[in-house]
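Take a look at the letters that make up each chain.
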Amino acid sequence: MLTPFKRPSVLPGFWPAFSYTALYLTVIVLIPLSAVFLKAVSSSWEHLWKAISAPNVVASYRLSFGASLVAGLISVVVGFLVAWVLVRYEFPGKALADALVDLPFALPTAVAGIALTSLYTENGWVGRYLTPLGIKVAFTPLGVVVALTFIGLPFVVRSVQPVLADADRELEEAAASLGATRRQIFWRVILPIVRPALFTGFALALARALGEYGSVIFISGNLPMKTEITPLLIVSKLEQYDYAGATAIAAVMLIASFALLLGVNALQRRTRRFMETE
Amino acid sequence: MAISSIPLAETGKSDRRAPRSVGAGGLGGAAAARPKQPAAQDPAVVRWGLTVLALGLLGLFIVLPLAAVFVQAFSKGVAVYLAAVREPDTLSAIKLSLLAAGIAVPLNLVFGVAAAWAVTKFRFRGRNVLVSLIDIPFAVSPVVAGLIYVLVFGAQGWLGDWLSAHDIRIVFAVPGIVLATIFVTFPFVARELIPLMESQGTEEEEAALVLGASGWQMFYKITLPNIKWGLLYGVVLCTARALGEFGAVSVVSGHIRGETNTLPLHVEILYNDYNYAGAFAVASLLSVVAVVTLALKKFLEWKTGQESK
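Protein chains in written order, with the working numbering: chain A, 2 to 279; chain B, 239 to 547.
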């Protein structure tokens, strides 16, 4: 039996709202986005493969993915700590600290980029203390990690915070009354509750970091083979009017980020089901 | 990806901090000796140690960059700052940024309301797919967002021949900047409204219709008041991103000073000219927008918290 497209409802406005949504989505997002894949497919496989496997492109994958991964892990640790403190403790200025967590969402990436660069160059506010220790941040892969951590941190905090706030404190108290140590409570009670949220935050931060451009290109210095991120290569290919090359790399990035997004969605659905069956 | 992937309501903290002495205290003996402190409460040393560490890291990662913008902006004095802000190229960048936001935000607002209405108040096949598709622009690198419009409207693009025959410029001109801005801010309003309207259900609207309201009366008197703070929050986020977008706009702009430069692009140009004080002066304008955005967010959270009481 054929199920009807829409369940009957007394509310008006479905068809205008639905048609407008579908049309606007198609014109603004779907058609232009399909251009990437159609353009990529229209050139020969050989050319395509050469564009996405050139040594500097492969080096950029390694940097983009590696730095995003490291930054995501740092964000998980720092983000969990910040979320924990914001949910569990009272201290003066808490509301302000909570508001500031969102700054990387609100601050334009180019502004973040030049600000971070000025902090971490050799005589910057932070850089001048790191230089004597032999640590160079600006214009090295480490700088890329710093920028991506700045971008990724709020994703983890905002994923973990509501879960931690809703977590039942009685579980911890029960564990303590049964003789669990504080370490055991952390690993066996708290961590299992927030683990899905930590994963989600990590994946969101990773997805954002892989495509990030503005905050990275200033602090990375864009040294060929060393600190060129993948989005930068797309821009430089475009500047050389190599549209086919730029498109091929863009297709690789799109596939990677869609795969990641699907993973996050599946994870969130599983978490929701897990929470509902509780 | 998602600036706003966390719905407004969820960030409100539930009040579970009240000490509960029942759990451990009831067991008598050792636990009764410290009735004021629940068993799972951290000792003061741990509490303060972690708080100081967390605030220190927040300071290092988030507050320091913000402070650096303003300190650098005024490093050559107020006169240099004002000169950089009043320069004609800066003013035209401000105008273009406001124009792009002024077009993108209302369009995405109408789209967001329509999409949320269709998706949350009705059940139809492919509904989940539609919700996922709305999120796509968050998953796309800003650079790729710019590239797709170059592929469609550029000289070598699908419509390139037709456009040049009719002397219409989209890429490397203002329309391209507006399109790229619309793309990157596309999901913001819809993302805020969908969870909100989903949780509100359809009973109130149905009641209004039963009592004889017309479709528009129902929308203005029932739906709109219910969603106004979430809607406003979506608009705030959308505006902030529209004014601050860099990567996507950079690809389609062509960087013509005084013509196709938005504020963030102007920051880059000044910075690459080694005019640091000027770059940070313009950046400070954008930072003020960011700080106002955060303040509005807090205000709207407080407002929704008040109304749900």
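Keep in mind the hints are simulated off the structure, nothing from the lab. Treat the hints with care, since some could be wrong.
Said to hold, decoys possible - For lysine-lysine, the following DSBU-like pairs were computed, each having C-alpha atoms within a straight-line distance of at most 30 Å:
#, chain 1, residue 1, chain 2, residue 2
1, B, Lys541, A, Lys7
2, B, Lys459, A, Lys51
3, B, Lys541, A, Lys95
4, B, Lys459, A, Lys7
5, A, Lys95, B, Lys459
6, B, Lys466, B, Lys541
To be verified - Cβ-Cβ distance ranges computed for the label pairs, FRET-style:
#, chain 1, residue 1, chain 2, residue 2, range
7, A, His48, B, Ala321, 42 to 52 Å
8, A, Glu240, B, Arg407, 15 to 25 Å
9, B, Ala533, A, Glu47, 23 to 33 Å
Claimed, not checked - Some chain A residues flagged as far from chain B (calculated, every beta-carbon gap over 10 Å):
#, residue
10, Ala23
11, Ser44
12, His48
13, Val59
14, Arg63
15, Gly94
16, Leu120
17, Leu143
18, Arg183
19, Leu192
20, Pro197
21, Leu199
22, Thr248
23, Phe259
24, Leu261
Here the structure is a predicted model, which means the values were calculated and not measured. A virtual CB, placed ideally from N, CA and C, is assigned to each residue, including glycine.
Hint by hint, here is what the structure shows:
| no. | hint | verdict |
| --- | --- | --- |
| 1 | B/Lys541 with A/Lys7 | 35 Å, violated |
| 2 | B/Lys459 with A/Lys51 | 60 Å, violated |
| 3 | B/Lys541 with A/Lys95 | 18 Å, holds |
| 4 | B/Lys459 with A/Lys7 | 26 Å, holds |
| 5 | A/Lys95 with B/Lys459 | 37 Å, violated |
| 6 | B/Lys466 with B/Lys541 | 11 Å, holds |
| 7 | A/His48 with B/Ala321: 42 to 52 Å | 50 Å, holds |
| 8 | A/Glu240 with B/Arg407: 15 to 25 Å | 18 Å, holds |
| 9 | B/Ala533 with A/Glu47: 23 to 33 Å | 55 Å, violated |
| 10 | Ala23 | 8 Å, violated |
| 11 | Ser44 | 12 Å, holds |
| 12 | His48 | 15 Å, holds |
| 13 | Val59 | 18 Å, holds |
| 14 | Arg63 | 17 Å, holds |
| 15 | Gly94 | 8 Å, violated |
| 16 | Leu120 | 5 Å, violated |
| 17 | Leu143 | 14 Å, holds |
| 18 | Arg183 | 8 Å, violated |
| 19 | Leu192 | 14 Å, holds |
| 20 | Pro197 | 14 Å, holds |
| 21 | Leu199 | 14 Å, holds |
| 22 | Thr248 | 7 Å, violated |
| 23 | Phe259 | 6 Å, violated |
| 24 | Leu261 | 8 Å, violated |
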